[in-house]
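Going down the list, the protein sequences come from chains A and B.
Note that my numbering numbers the first sequence so that position 2 is 16, with each residue one more than the last.
Note that my numbering numbers the second sequence so that position 34 is 110, with each residue one more than the last.
These are computed hints drawn from the structure, not numbers from a lab.
Keep in mind that the hints are not guaranteed to be accurate.
Stated by the list, open to error - Beta-carbon label-pair distances, calculated as ranges:
hint, chain 1, residue 1, chain 2, residue 2, range
1, B, ILE136, A, MET31, 42 to 50 Å
2, B, GLY117, A, LYS71, 53 to 61 Å
3, B, ILE132, A, VAL75, 25 to 33 Å
4, B, MET77, A, LYS71, 26 to 34 Å
5, B, MET196, A, LYS17, 25 to 33 Å
Computed from a prediction, not measured in an experiment: that's the story for all the values here.
All C-beta atoms in this analysis are idealised placements derived from N, C-alpha and C, irrespective of residue type, glycine included.
Each chain, letter by letter, is given below.
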Amino acid sequence: MVKPTAITNNIRKLRFMADEMSQAELAKRIGLTRQTVIAIEQGRYSPSLEAAFLIAKALGVSLEDVFQYNVTDKEPT
Amino acid sequence: MTYLERTYLAALIVTIAVYAWYFTSVFTNLPTDMNSTNEFGTKLWTMMGAYVVLVIIISILANILQKEPAEEFDERDDIIDMKAERIASYVQAVAVFGILVLVMFDFSKFILAHALLATMVLSTIISVSVRLYLYKRGV
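Next up, chain A with everything else stripped away, as it sits in the complex (with noise of 0.2 Å):
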């Protein structure tokens, strides 16, 4: 039932990392309801470039810390 995207994360782990933080919180910390927080942590939805660098920020790491891109077999020719 649930499409599959390309993108994965750590979120989870991460958020555990940066003192247990809640999804609410992170979701009221980058201006995203906690339900699209949910989404993006089960890989349910891939978020936009500016979200993604908002949730890195917020916890406290890099972009290529928090998402992989897991295709390659789409390499730029």
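Take the given structure of chain A and dock chain B to it, following the hints.
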């Protein structure tokens, strides 16, 4: 299920229930003059008014019964909205073309009015269904 999904589901159920009742009652008791808007117009407008009132009541009830404060819309909601409206607009475009064909073949005002109404209902049902599906499956 979130507050937004519950609201959409309630709207979907009301839409299907109200219009199923209306179409069943109208098409099992056809007017004698299919081109006289006096015969079917009153019932049509009454039903549409009742539908709007029901949707408003549902929205008010959903707000009252909600335990947590309603969350604002964000980028994900906007994307889901756009996708749902795009699919609904395809349905509307195809249906409008079909209604044009009905006009060219001189169908009665009763049939044309109800074909238009069916188009609106169908696009609403599809739009809401797509929203519910995308909230569950992901974007």
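Does the Cβ pair B:ILE136, A:MET31 satisfy 42 to 50 Å?
Given about 43 Å between the Cβ atoms, the range holds.
Range hint compliance [Cβ, B:ILE132 to A:VAL75, 25 to 33 Å]
46 Å, violated
Given the hint of 25 to 33 Å, is the C-beta distance from B:MET196 to A:LYS17 inside that range or not?
Cβ of B:MET196 to Cβ of A:LYS17: about 29 Å, so the range 25 to 33 Å holds.
Distance restraint evaluation - B:MET77, A:LYS71, Cβ atoms, bounds 26 to 34 Å
Taking Cβ atoms as reference, B:MET77 and A:LYS71 lie about 31 Å apart, which means the hint holds.
Cβ separation of B:GLY117 and A:LYS71, checked against the hinted range 53 to 61 Å:
59 Å, holds
In summary, the structure is inconsistent with hint 3 from the numbered list given earlier, while agreeing with all the others.
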